[in-house]
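2 protein chains.
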Amino acid sequence: MSDLIRIAVDAMGGDNAPASIVEGAVMAVNESKEIMVYLTGDQEAVRKELDKYTYDADRLQIVHASEVITNEEHPAMAIHDKPDSSIAVGERMVRDGKADAFISGGSTGAVLVGGQLIVGRIRGVRRPALASIIPTDKGFSLLIDCGANVDAKPEQLLQYAQMGTIYLSNIMHIQNPEVRILNIGAEEEKGNALVQETFPLLKACSDINFKGSIEARDVPYGAADIIVCDAFAGNIVLKMYEGAASMLFKNIKAALLSTFRSKIGALLIKKSLKEKLKQFDITKYGGAPMLGLRGLVAKVHGNASSKEVKHAILQCIDYKKNDIQGKVAMAIRQEGSAD
Amino acid sequence: MSDLIRIAVDAMGGDNAPASIVEGAVMAVNESKEIMVYLTGDQEAVRKELDKYTYDADRLQIVHASEVITNEEHPAMAIHDKPDSSIAVGERMVRDGKADAFISGGSTGAVLVGGQLIVGRIRGVRRPALASIIPTDKGFSLLIDCGANVDAKPEQLLQYAQMGTIYLSNIMHIQNPEVRILNIGAEEEKGNALVQETFPLLKACSDINFKGSIEARDVPYGAADIIVCDAFAGNIVLKMYEGAASMLFKNIKAALLSTFRSKIGALLIKKSLKEKLKQFDITKYGGAPMLGLRGLVAKVHGNASSKEVKHAILQCIDYKKNDIQGKVAMAIRQEGSAD
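Protein sequence lines correspond, in order, to chains A and B. If you count the first sequence from 1, position 101 lands on 101 in my numbering, and the numbers rise without skipping. If you count the second sequence from 1, position 241 lands on 241 in my numbering, and the numbers rise without skipping.
Be careful, since some hints might not be right.
Which copy is meant is left open, so a pair is good if it fits within one copy or across any two.
Unchecked claim - Below 30 Å or equal to it, Euclidean Cα-Cα: the simulated DSS-like pairs (lysine-lysine) are:
1. LYS250 - LYS190
2. LYS327 - LYS153
3. LYS276 - LYS253
4. LYS253 - LYS278
5. LYS250 - LYS211
6. LYS98 - LYS33
7. LYS307 - LYS52
8. LYS253 - LYS271
9. LYS250 - LYS263
10. LYS82 - LYS190
11. LYS274 - LYS98
12. LYS98 - LYS250
13. LYS250 - LYS276
14. LYS82 - LYS320
15. LYS321 - LYS98
16. LYS52 - LYS271
17. LYS190 - LYS153
18. LYS270 - LYS253
19. LYS82 - LYS253
20. LYS203 - LYS153
21. LYS138 - LYS276
22. LYS271 - LYS284
23. LYS284 - LYS211
Simulated from the structure, these hints should not be mistaken for laboratory data.
All chains, please: the whole structure from these sequences, using the hints.
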């Protein structure tokens, strides 16, 4: 049993917790014999859900956590005030070497703050960053940073590019992923001060495949594997994408339901449309990793399905097997010594 | 004739120039007897287009400009190197008091640079800003700044809010327009350094209706009349909006054409969908104004239709009649003395 990959999972985080989380954990344990899952959370509530399933009890256990952090709480204060929260308990397991990874669908802010304060950075990493997987016309892109550092420095963005490259090539098996920097034009001289200072660093870095700038307009078309930016810009990309899509679909739906004729039309297009939109389902890619920590911390959506939870858990196998942490540490060290 | 509102229009700017521009100018002159339009551009090419129409020749004249600035040229260099370009000629007319406004569908960068260097700022305005009209679920919002200043200062964003308020209430006749600052969360303590420093300035300003932050997700839903941000963030909002919508429509179209059944459905929904999407047609709102200049400079889309050009020209009537320039100067002065 000593070779099992050990994953702590926040059983209390998200809209459908603990039900979907527990179901996802059971699915993962039943699918892979290589993992051991620890569900952190209220013993009684989690047990009640677990009792619904058949699974290898040696590889799926509850670690009691008496507190829960909500989305409404101030992340840093919550992490400080609730040391027995399901997030803090899970992240301490990673810190103490009792788990290789931690997955949560709870408060993004608290998971991030806990990641930095409890799990801790890999030596040499300036700032851990949240990498989101966003759907595109071609598949997906990794957008870094989406939530950790709003006023980022050029050296941080360079590290995002390096860490993202290691992550994508080892976990998603994309060879030589293309890195671009989010910008307001394709020309090298464009951009704000951050972009202009970061551009030459990315260009000079030998362990990434840097291809220049990407305009926001080309993000949905999948014009880069990895997009680096500060967390303020990353949040705008992410939220505009969500907002534009949801607003448009709302209006399209209203149009389809507006007349008898259009309602019939809607019935006829439904299947094709559904089929097409499946390509934008990113839940199969697992969680959004927080890059640069001493252990994998990944965030699943607040409304994550059991399937998404399962994928996020299974993702940890490659993370551990391919020694992402060691590879990041080495890349960062080399770049540092080259300065 | 001395009371006519005089508008210089770049006849050479945009994909459909001079044809659509000239047509739009003719439409405007025929619709309003209050205006006089000067078409700046190649005399011969413009004359050829003009000859196709019937119009009051006293109120629609050509001002010859021998050069054209393309989108590929470096804006500042082009403005410097091509003093007889249709943009520079039109902007000089505003500077010299020969025109009240200038409208162009040409290079946004060149129009902006020329606006600053040739037309010049209203005294007290720190930096002129490009305000884009973006379509929303509720109508439209004014997004400032979309292209002028990427590394903006808090005081600039405050002025954007003031100028946008004057513009919207006088030109678009929206009473007491709601101002919000683009942010990554609704809470006051969220945001990058720029947002955190700007927030209290907006809160303390008595001549705007400040309502706090807006997340990018809520932008497409029209959660603010005026959204202020630096031009880097504004560009991301604008381009993500465009990119997400165009990518989604591309895929929806592909889905509709994928089977015989869906093709029939597409025919049935076409009319309702088209009707619904009309609400997102922002060309009726005229051009994107560059706020803070001594005269109105407005940018229409590169692919502007004659209708958009017409609306942009007619928009200048209210701009002049309501003395936007004087109102901006007064608001800026008052705020300055209150410091």
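How the hints compare with the structure:
no.: 1; hint: LYS250 - LYS190; result: between (36 Å within a copy, 29 Å between copies)
no.: 2; hint: LYS327 - LYS153; result: within (22 Å within a copy, 40 Å between copies)
no.: 3; hint: LYS276 - LYS253; result: both (16 Å within a copy, 10 Å between copies)
no.: 4; hint: LYS253 - LYS278; result: both (17 Å within a copy, 15 Å between copies)
no.: 5; hint: LYS250 - LYS211; result: between (36 Å within a copy, 25 Å between copies)
no.: 6; hint: LYS98 - LYS33; result: within (18 Å within a copy, 81 Å between copies)
no.: 7; hint: LYS307 - LYS52; result: within (17 Å within a copy, 64 Å between copies)
no.: 8; hint: LYS253 - LYS271; result: both (14 Å within a copy, 14 Å between copies)
no.: 9; hint: LYS250 - LYS263; result: both (15 Å within a copy, 22 Å between copies)
no.: 10; hint: LYS82 - LYS190; result: between (45 Å within a copy, 22 Å between copies)
no.: 11; hint: LYS274 - LYS98; result: neither (42 Å within a copy, 58 Å between copies)
no.: 12; hint: LYS98 - LYS250; result: neither (46 Å within a copy, 48 Å between copies)
no.: 13; hint: LYS250 - LYS276; result: both (17 Å within a copy, 11 Å between copies)
no.: 14; hint: LYS82 - LYS320; result: within (29 Å within a copy, 60 Å between copies)
no.: 15; hint: LYS321 - LYS98; result: within (16 Å within a copy, 73 Å between copies)
no.: 16; hint: LYS52 - LYS271; result: neither (33 Å within a copy, 50 Å between copies)
no.: 17; hint: LYS190 - LYS153; result: both (17 Å within a copy, 19 Å between copies)
no.: 18; hint: LYS270 - LYS253; result: both (11 Å within a copy, 13 Å between copies)
no.: 19; hint: LYS82 - LYS253; result: neither (43 Å within a copy, 50 Å between copies)
no.: 20; hint: LYS203 - LYS153; result: both (16 Å within a copy, 29 Å between copies)
no.: 21; hint: LYS138 - LYS276; result: both (12 Å within a copy, 28 Å between copies)
no.: 22; hint: LYS271 - LYS284; result: within (21 Å within a copy, 36 Å between copies)
no.: 23; hint: LYS284 - LYS211; result: within (27 Å within a copy, 39 Å between copies)
Comparing the model with each numbered hint stated earlier shows that hints 11, 12, 16, 19 do not hold.
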